[in-house]
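Engineer: The primary structure of each chain is shown beneath.
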Amino acid sequence: MKARVTVNLKSGVLDPQGRATHHALTGLGFAGVNDVRIGKVIELDLADGTTPAAVDDMCRQLLANTVIESFRVEMLP
Amino acid sequence: MKAAVVVFPGSNCDRDLAVALEAVTGTAPAMVWHRDTELPDGLDLIALPGGFSHGDYLRSGAMAARAPIMRAVADAAARGVAVLGVCNGFQVLTEAGLLPGALMRNAGLDFVCRDVELTVANAQTIFSARYDDGETIRIPVAHHDGNYVADAATLDRLEGEGRVVFRYSGPVNGSARDIAGIVNDTGNVLGLMPHPERLIEAAQGGTDGRRMFEGLLAALG
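Residue numbers (this note's numbering), protein chains in the order written: chain A, 1 to 77; chain B, 1001 to 1221.
No lab work stands behind these hints, which were simulated from the structure alone. This one's a predicted model, so the numbers in the text were calculated from it and none came from an experiment. Yeah, the Cβ is synthetic: ideal placement off N, Cα and C, and Gly gets one too. Heads up, none of these hints are tricks.
Partner residues aside, some chain B positions facing chain A, computed with beta carbon under 10 Å:
id, residue
1, L1058
2, E1095
3, G1174
Covered by chain B, per the in silico footprint, the following chain A stretches (three or more residues, Cβ under 8 Å):
id, stretch
4, 5-17
5, 65-76
So that you can see chain A by itself, here it is in the shape it has in the complex (with noise of 0.2 Å):
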């Protein structure tokens, strides 16, 4: 089974990269992009079993700094 951890800053936490993308997007011309928020996407290949809870504590303990950062779990089969 597998698991697809997404972890975003927090709304308020200014994001430079973020920032600096959608300038570059704007210099392309694209028009209409209201905001740019980078994120990153985390794949875990896991044992038959492990529960979303066990997840849950793996992204509070290392994959997402809580502090600056949410994180949202999904389960995959």
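Put chain B on the given structure of chain A with help from the hints.
Structural biologist: Using the frame of chain A, we list chain B on its own:
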């Protein structure tokens, strides 16, 4: 003063710190590998060096903060042992929860490597006792992730409790309230992005960094 320098894979200022400590205290520090689980007995100071521990993978300092030795570092810090984290060491201390906040990518996205002017915001700590309040000093920085972030309540608390020890005198990396270095609530753990260990001898271009170690020697014996 009995000191130890923790070495992580990817540390690159560990020997600079060791040379600085020996130059000022006359005694070489113990070098402790990150996979060790115990620190030498009777330490007065634990130093976490600059570098790119574990390649800065996931987040700067994230892996190092979970290294086996860090449990012993946290226990020692709780007992009141002085802990100094420089650059990546500061990142490790925030990731380990020994200091509040986080260090994010520099606001300008550039790696910043130059001398910067710092204002001493609190000269009443064991780390800053050889400086004067409000004094401007010059110390080099070399980092990509030095942009200090914390929520407004935390920033207010740090400032209100005198826990901001050093501020950048001008824009460097986008740090909230120009924070360059902070201490924990008991004043025995300092994290700072600039590298005091790089200005120990006049031949290095100045000695403003040396005074931090001289202050620690005076405070810790």
